[in-house]
Structures are given as structure tokens and as C-alpha cells.
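Following the hints, complete the assembly by docking chain B onto the known chain A.
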Amino acid sequence: MNDTHRPVPHFTIGARLLSALSLLILLGSLFPSTSFAQDWVRTGSGLGVEKVHLAVPDFKPSNSDPQNDALLKAFNDTLWNDLDNSGVVELVSKSFYPLQAPGQPPEVTFGVWNSPPPNAAMLAFGNLGVAAGKLTVQGWLYDVKNTASPEVLGKQYTDVATSDAARLIAHKFADEIIFRLGGGIPGITESKIYFVSDRSGNKEIWVMDYDGSNQRQLTHQGSVSLSPRVSPDGSRLAFSSLTKAGWDILMFSLDLNRLVSFPRFGGTNLSPAWSPDGARLALSSSRGGNSQIYLCDVSGANLHRITSNKGPDVGPVWNRKTGAQIAFVSGDTGLPQVYTIEADGTNQQRMTDQGYAVSPSWSPNGQFLTLAWIRKYGPGEPGSSDIYLMDIASKQWVQLTHDGGRNDYPSWAPDGRHIVFQSSRSGKEEIWMMLADGTKLHQLTFTGRNTQPNWSWK
Amino acid sequence: MKHQTWKALATVIALAGILMLGACHKKAAPPPPPPPPPSAAPTASISVSPDTIAQGQSATLTWQTSNATDVSIDGIGAVQPSGTQQVTPTDSITYHLVAKGSGGNQEASTRLTVTPPPGAEAAPPSSTEEDLFGHNVKDVYFDYDRYDIRSDQQASIQADMLFLNQHPNINFTVEGHCDSRGSTEYNLALGDQRASAVKSALTTAGINPNRIKTISYGKEKPFCLEESEGCWRQNRRGHFVYQK
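Chain order of the listed sequences is A and B.
Residue numbers are given in our numbering: position 117 of the first sequence equals residue 523, and the series is strictly consecutive.
Residue numbers are given in our numbering: position 52 of the second sequence equals residue 32, and the series is strictly consecutive.
This is chain A alone, in the form it adopts within the complex:
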């Protein structure tokens, strides 16, 4: 097999632009130039962006401390998982690796790695060891085709000797690799997903790491709490909760780990959304009669309405790039459809043409919406909805999920490559993650019913 690899891109500003363009080409190639929207997403080499073949042998112990085994397992599993789900590398299967894996640079035998069976372009390797209660990890990223000067990355990390610390170091190292091989877009391994879970007996707001670890409860309202949305700076979380007065927007301080004050508006108040500058909120309120979209300052002051539709308006989300437009759901024409509107209330545009469309989420680059859509709707329809990707400028769309069940509430990752959503495909509502082309689909939650995920902004 004659495999030609492109030279590793130089990481300058030019490369950042190149990779941003690659991402756009990747996503742009999903939309054909004809007026018919594609139904299935083509994956694999047909998309024109070849992923780097990366080999990641298990890190080796650097000494014989008894704690090493457990920490190595935590580290290696996390590192592999982070890179496997990153969407920027193709991991070479461990079954192709030589028996002797390197733990230090002198141990690297280039010929073994850059030719069959592994046929890798890059190699990540290193060692881990506990000494005097501290954990030290050394990691390298090598271009195994460039035997003269292979080192792309060499890092050393030190922390307390716990599994959590080992996982965190793996995340940091994985992010370094993803940043370099993914063209300058920061990795998401340390990002968080906020969601609703009923496993405590009531629907409350929970948080977890992006890979599903460390799931923990944030609110203890003892009622029904929904629609968590974290602020751009990660300091606060807005959500909607059923209080004695009705449905109110509540504000939770993640720094202080408790509710902080926020005004009550009257009526039914739902689905808060942060502007990208963190200065304003959009929300749905029925204080004026029927549910419409309102904006207010982050303090709750200056509340004013921007839509005037007949049917219920709900679920706003801001354009993450410009902060100047808002997408939302309206039942104005009957079944709910997705619309966009300028933040000053002008130029309302309808984005979906039929069926039942809800839950828009705006991509970080400002170009795409994901939404939950039942395109063919009829009387008695059992309500199987799927996640769709829509190019805002052309309104052309691509269907991302196909395996049935109810799929709803998609949320973009800050890297613009991943989408988290809720799905009932396993039998009950759980939170799932996938790449923005519909691949690498995997389940994150397993206990109770888990819904309405919201990805942090960084």
C-alpha cells in the first residue's frame, strides 16, 4: 500500500486559517449545490479532509510505585477516549502496535511506527509515576515520518496522586495534541455539560465533564427545574423552575454554589439564553398574555418584548458569533417552526418549511443551526424526531440522526465539531454525543432520565 502523507502543517496563523477553511469545507461539502437537501451524511474519505493517523500506545510506568497501575489506567483510558472522540485524528488500532512501546524518546523506533502494520503519521507516548505522594507525567508528540526532528510537543505535568488528577492531566495533554493537529481550535476535554436529571426524585439541574464523568447535582429546588443555560464566562447558570408563583427564571452562581437573586417577571417564564458577551438574556415570557420572546439585561432589568406572534414563542438562542440575531421556536402558523430575528426585533425570518421543528442551537462559527425536527408530520404520528443541521444562509439541511426514537435538544460544543443531545433510543431519555457529521455517536448518561443538555462556552 502506498500511503502518501501530507507534511505536518506548520502552526502559524496561516495554518489556523487553513484549518478553519477545512472545517468549513468539511461542513460545506455536506450541502450539495442542487436544491435537494441531502438526506444522509457521507462520511469517510469522500469529504476531502484526511485525518492524521495517530498511534497512542499506553503510557508506561516510570517507577515501581504501587499506585501507578490504577493511575495509569485512569490516564490511558481518558487519553485514548479524548483523542478517539476528537474528530481530528484517526487512532491507529492497538492491535497493530509493536509489543515494545516507548516511554522515553530514546526508546522510539521510527521504522516500526511509520510503516505497516501501524502506518502512523504521528505518535503520542510517555510515562507516568508516583513519587513522594506526587504524580508526574511526561508526554511527547512525535512526527514519526520526520526522523531528523520529530518532536512536535513535549510536556511534563505534576499533580497530587489521585485518579481525578490523572484524568485531568490526560485531558490537558489530549487538548495540546488536538490543538496542534486540529488546526488551532482549542480542544474541549475540560468543558462541561449542564443538563436536567430526575434521578434524585425531582427534575434538577446537574453538571458533568464533557465525557460523562463526574456527574453531580447542582440545584435542590425540590420542584421541576428545566432548561439550564450556562453563562459565557462559566460563572453563572440560568434556568427555569416551577416556583410557588409559577414558572420563573432563576439564577445559580457556580462560583458560590447557590442561587443568587433574579427578578420575578409574572406569567410563565421559560428557556433563558445568554448573549455571547454575557450582558443580556433572551427568554420566553407570557407576562403580556401569550408566550413571546423578551430580552433583558443580565440583572433582569430593561425587560422588553421583541416578537409579536400569535402562537407560543419559546426556546431562543443567540448567534454566538455576532450576538445580533436570535433563533427561536414559534407556533404562529400552527405546528412549531424555527425562526430567526434581529435582536432589535426586526426582520423575522422563517427557517423551516414544514413538520414540527423545535430546539435550535447556533454553531460557534455563526453559520449553522442544529434543531430537532419531525419533517413528516401527520395525524396520529408517534413523534419520532431527529437532529438536523441547517446552513442558515441557504436554509439547506442535513439529517444527522437516523436510528429512531425521539431525539431533541441539540447543543453545540465550543469547538464547533461536536453536538450533544437527548435521545430516547436506548429506551428512555438519556444524553448522547456525536460529531457534527453524525458519526462517533455514544451515550453519556445511564441513570434516571436525563434531558436538555447545554454545553459550556469553553
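Don't read these hints as lab results, they were simulated from the structure.
Keep in mind that a hint or two might mislead.
Only part of the chain A face toward chain B is listed, based on derived beta-carbon distances under 10 Å [what the hints assert, rightly or not]:
| no. | residue |
| --- | --- |
| 1 | T564 |
| 2 | D565 |
| 3 | W653 |
| 4 | S692 |
| 5 | V735 |
| 6 | V764 |
| 7 | R781 |
| 8 | G810 |
| 9 | Y815 |
| 10 | G854 |
| 11 | Q858 |
Examples of chain A residues toward chain B, derived with CB under 7 Å [to be verified]:
| no. | residue |
| --- | --- |
| 12 | V630 |
| 13 | G652 |
| 14 | T674 |
| 15 | S677 |
| 16 | S697 |
| 17 | M757 |
| 18 | D814 |
The beta carbon of each residue, even a glycine, is placed where N, CA and C say it ideally should be.
This is chain B only, laid out in the frame that chain A set:
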């Protein structure tokens, strides 16, 4: 002489004809008489109107049979093949009819449900205002994705209004509910519009709006859990709750 001859000749010819015919007839053996046809099977049907009554009320039982010689109804006894009868049972009962004929048997039955007397008419001494409210104020049901009051729900609204006018000191909440399909957030907003529509219908007809609170539960607090048309229909409603 000629006339008499012709007459005699005609008679002879006629007689000969008859004889010949008779002879033809007599010559073929007569076919055996056909066996008697088998008896038709009896048919039977029975119905009662109305099919639900309050205790103390009467209903009319109606039945029809054919090809039956012996018809009886359990609890009543032998009856005419077809007829009607007024009945005043104290408990729910199934009327079972058996029709017998030479062609066989046929059965039919119908059920009459007897409910305890309505609270407003015969409230037991321990009945509270809240009980009265629960008995008399009917929930309002909606079509999928709709929040307008259906024409077939107007009767419920009218009945509710009547009771609420008769008890002006009662305050209450209208809860808006949706079926399990569709999005959590949209259903909360839709439930809100359903509750508002019911409140609006009542206040337009003169009920003081200060008596009415509204709240939406979307699909968060369903009345039934099955994924079926019947259950979905049950959940799409404005639900009245007495305010203590």
C-alpha cells in the same frame, strides 16, 4: 242436424284432447314431494337506552328476534319475540336474552350502568365544597397542538360557568397540560396558552378574573403514561383545581 253434429264432434275432439293430455300426464310417474325446507336460525338483538342512568332513574329495554319460538331475558323471564320494557334496576346489570327456535339458539346481551345519584341533586351531608367542585366542574379537552376551545367542549364550559356562578366564593386554578409528544419547552408554552384560553372563555362569560389562577404543566405532570392516542387525548386538557 249440422249444428248438433258439429257440437258432438267438438265435444269428442275436446274429450279426446283431455284423454290424450290425461294420458300423457298419467303416463309419467309423479315426482316425490320435496322434503320440507330446514328451519331458519333465529336472530336476536337487545339494547337499552340510555345505557347509563343514575340510581332511581329508569331506562327502556328493547329487543328483537326472528325465527324464535321461545324468548327469555335473564331477570325478567319469558317475553314476546320482540318488544320493549321499562326497567329500574338499583345496580348495574347485564340483560342477557336467549332466543330458541327449531333452527337453533341465539343469544344477545346489553349492559345498563347505574351510577350513584349526582352530588348536586342528592349531596350526602358530609360532601364538602371541594367535592362539589370536583363533581361539577369538568375539564376542557384540546386537539393536538391547539389551544382554541373546540365546539364540542362548549357544553363543558357552559356547565362549569353555571356551577361557578352559583358558588361565587370559590377560587380555582386552571392547569394547562399537553400530551407526551414534542418538546418540553414548547409544551410548557402551549399548556400556558391552553390555561389562558379556558380562563378567557370563563371571564368573557362574566366570571371574575380574580378568581382564576393559571399555570402550565406542559407534559411534566401527565394523567396517564401510555404512548397511545387514547392517553394522549386524556392529557391534552385544561384541568380545574379547587383553591383551598
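Here is what the structure says about each hint:
1. T564: violated, 45 Å
2. D565: violated, 40 Å
3. W653: Holds - the Cβ of W653/A comes within 10 Å of chain B, reaching about 7 Å at its closest.
4. S692: holds, 5 Å
5. V735: holds, 6 Å
6. V764: holds, 4 Å
7. R781: violated, 14 Å
8. G810: Nearest chain B Cβ about 14 Å off; hint violated.
9. Y815: With a closest approach of 7 Å, the Y815/A hint holds.
10. G854: It is violated, given that the least Cβ distance between G854/A and chain B is near 15 Å, above 10 Å.
11. Q858: At about 7 Å, which falls below the 10 Å cut-off, the nearest Cβ of chain B leaves the hint on Q858/A intact, so it holds.
12. V630: Holds - the Cβ of V630/A comes within 7 Å of chain B, reaching about 5 Å at its closest.
13. G652: holds, 6 Å
14. T674: Because about 4 Å separates T674/A from the closest Cβ in chain B, which is inside the 7 Å limit, the hint holds.
15. S677: Where the cut-off is 7 Å and the nearest Cβ of chain B is about 5 Å from S677/A, the hint holds.
16. S697: Constraint on S697/A satisfied, holds at 4 Å.
17. M757: Interface hint status for M757/A: violated (15 Å vs cutoff 7 Å).
18. D814: Nearest chain B Cβ about 6 Å off; hint holds.
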